[in-house]
Amino acid sequence: MTVKQNLLNLDRVGLEAFFADMGEKPFRATQVLKWMHQMGVSDFDEMTNLSKALRTRLTEVAEVRVPEIVFEQKSDDGTYKWVLELDGQNRIETVFIP
Numbered sequence: 081m082t083v084k085q086n087l088l089n090l091d092r093v094g095l096e097a098f099f100a101d102m103g104e105k106p107f108r109a110t111q112v113l114k115w116m117h118q119m120g121v122s123d124f125d126e127m128t129n130l131s132k133a134l135r136t137r138l139t140e141v142a143e144v145r146v147p148e149i150v151f152e153q154k155s156d157d158g159t160y161k162w163v164l165e166l167d168g169q170n171r172i173e174t175v176f177i178p
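Residue numbers (the numbering used here): 81 to 178.
These aren't lab readings, by the way, just hints derived from the structure by calculation.
Using N, Cα and C, we set each Cβ at its ideal position, and we do this for glycine too.
Keep in mind that the hints are not guaranteed to be accurate.
Using C-beta positions, here's what the derived DEER-type ranges look like [claimed, not checked]:
no.	residue 1	residue 2	range
1	Lys-132	Thr-82	17 to 23 Å
2	Thr-159	Asp-125	34 to 40 Å
3	Glu-143	Phe-176	23 to 29 Å
4	Asp-156	Val-93	43 to 49 Å
5	Phe-107	Ile-177	25 to 31 Å
6	Val-141	Met-119	17 to 23 Å
7	Ala-97	Glu-148	25 to 31 Å
8	Tyr-160	Thr-128	18 to 24 Å
9	Asn-89	Arg-135	33 to 39 Å
10	Asn-129	Pro-178	36 to 42 Å
Based on the provided sequences and hints, a complete structural model is requested.
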């Protein structure tokens with residue numbers, strides 16, 4: 081089984097290189113970045129300014145996997161603590177203090 085590339089792990093330069101390796105133009109990185117970060121889209125089929133062939137190919141070799149909340153705690157003072165799992169391997173802890 082081939083491991084899919086999580087596109088959220090790539091910055092603009094990395095995403096441009098990813099598309100270049102696929103034989104695509106570098107501007108595809110800008111298009112996908114906009115879909116992921118400005119429009120909140122993680123399904124390639126919804127990225128309608130990409131060709132159907134490219135969307136199909138992306139589905140085969142890539143994914144957009146957001147961190148998963150594995151623990152959440154709310155304190156009486158409104159502070160939140162979360163533990164997020166990244167790619168099923170690493171975990172990070174973050175705190176929101178109002």
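(request) Would you pick out the hints that fail for this structure and give their numbers low to high? (result) Violated: hints 5, 8, 9.
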